[in-house]
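A.B. asks: Given next are the chains, with one letter for each unit.
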Amino acid sequence: MQDLDNFSVDTDTLDAIREVNLSYLVLAQHLLQKNFAQGMFRLGLDEDVAQILLTLSPAQTIKIASTGSLLCSFRLNDAHLLRALRLDDKDVPAARAAQNLHHVAILLAQRTANGEVIHTPATAAA
Amino acid sequence: MANATKSIQGELAALQLADAMIRLGARMQPIKELTRLSTDRISSLYREIVGAPPPKGMLPYSLDWYTTWKANIHSSLFFSIYQRMRANAERSIRHPFGQIQQTWLLIDAYCLYRENIQAASINGSYREEPELSFTRAWMLLRFVASGQMTTTECESCHGHFLIRGDDHGKNFVCGICSPPPRAGIGAK
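Top line first, the protein sequences correspond to chains A and B. Quick note on the working numbering: the first sequence kicks off at 1 and runs consecutively. Quick note on the working numbering: the second sequence kicks off at 1 and runs consecutively.
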């Protein structure tokens with residue numbers, strides 16, 4: 001027998017989601033305002049989406065934060081990638097543990113929001 | 001932008017770049033090449049910011065430095081950030097992408113690299129130092145442009161890491177997936 005309460009709206013969960021959404025949107029706008037190019041990189045967003053986030057009014061921001069779903073997603077959404085990070089690896093020297101953290105950053109930088117990997121060995125001439 | 005310093009606004013843009021690069025520890029050569037400012041002008045700015053004359057001497061020219069364990073991870077991290085930001089900028093139709101924008105891209109990417117290094121130091125008493133200097137980051141981009149350095153895919157994590165241009169890059173496993181036996185032991 002299910003308790004009837006289990007079917008009532010869970011406002012605590014909704015509040016928690018809205019709070020995270022709002023924090024995320026405010027942080028995203030702050031990062032993009034501070035430095036647009038760096039903000040896009042940090043958030044893993046493409047330019048059009050970043051531009052739209054930047055132009056949202058406070059009222060619009062609150063409105064989309066109030067959806068029942070989380071707006072930001074887990075960027076390490078790849079079991080293979082997560083395994084490669086060897087999070088269960090204990091007793092590694094601190095210097096090596098630091099390199100493991102860089103691993104996350106390297107692999108995240110090399111993939112786009114939809115998981116596409118870029119690695120064009122550069123036409124890099126600054 | 002060879003004539004960047006002929007107008008006052010052009011000079012201002014060049015000085016802002018030079019200011020940022022000096023604060024990031026850049027040597028004279030990258031500043032000179034990326035801003036086209038005169039040596040005297042850069043020297044004066046350097047003295048004002050640092051309070052000492054700019055260092056003289058040879059540039060770090062070694063390709064092999066980028067292939068040593070920690071340096072390879074650090075420079076691959078910087079290069080991944082740079083590549084991603086460059087791809088973003090090139091896809092953009094809103095902004096022109098001239099020499100000044102390219103140099104800001106390098107500066108922004110280098111700042112994010114430094115930030116990531118700092119983030120890795122926060123846990124515990126270990127302090128991770130940035131191995132890659134601004135000057136070496138700039139040299140790296142030149143080495144990649146000339147084909148002396150390139151990247152290859154790690155067989156284990158599928159991340160891309162820097163190797164020498166004359167390295168075939170086959171069966172490559174990165175220094176994080178397979179650290180050398182004594183890597184990081186006895187580190188400061």
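None of these hints come from the bench; they were simulated from the model. No experiment lies behind these values; they were computed from the predicted model shown. Treat the hints with care, since some could be wrong.
[As the list claims (entries may be wrong)] Which residues of chain A face chain B? A partial, calculated answer using Cβ under 7 Å:
id: 1; residue: 41
id: 2; residue: 45
id: 3; residue: 48
id: 4; residue: 50
id: 5; residue: 94
id: 6; residue: 95
id: 7; residue: 96
id: 8; residue: 106
id: 9; residue: 109
All residues carry an ideal CB built from backbone N, CA and C; glycine is no exception.
A.B. asks: Next, verify each hint and record whether it holds.
C.D. replies: Taking the hints in turn, this is what the structure says about them:
1. 41: Given a least distance of 5 Å, the restraint on residue 41(A) holds.
2. 45: violated, 9 Å
3. 48: Constraint on residue 48(A) not satisfied, violated at 10 Å.
4. 50: violated, 9 Å
5. 94: holds, 3 Å
6. 95: holds, 3 Å
7. 96: Because about 4 Å separates residue 96(A) from the closest Cβ in chain B, which is inside the 7 Å limit, the hint holds.
8. 106: This hint holds: residue 106(A) lies near chain B, its Cβ roughly 5 Å from the closest one there, short of 7 Å.
9. 109: At 4 Å from the nearest chain B Cβ, residue 109(A) passes the 7 Å test, so the hint holds.
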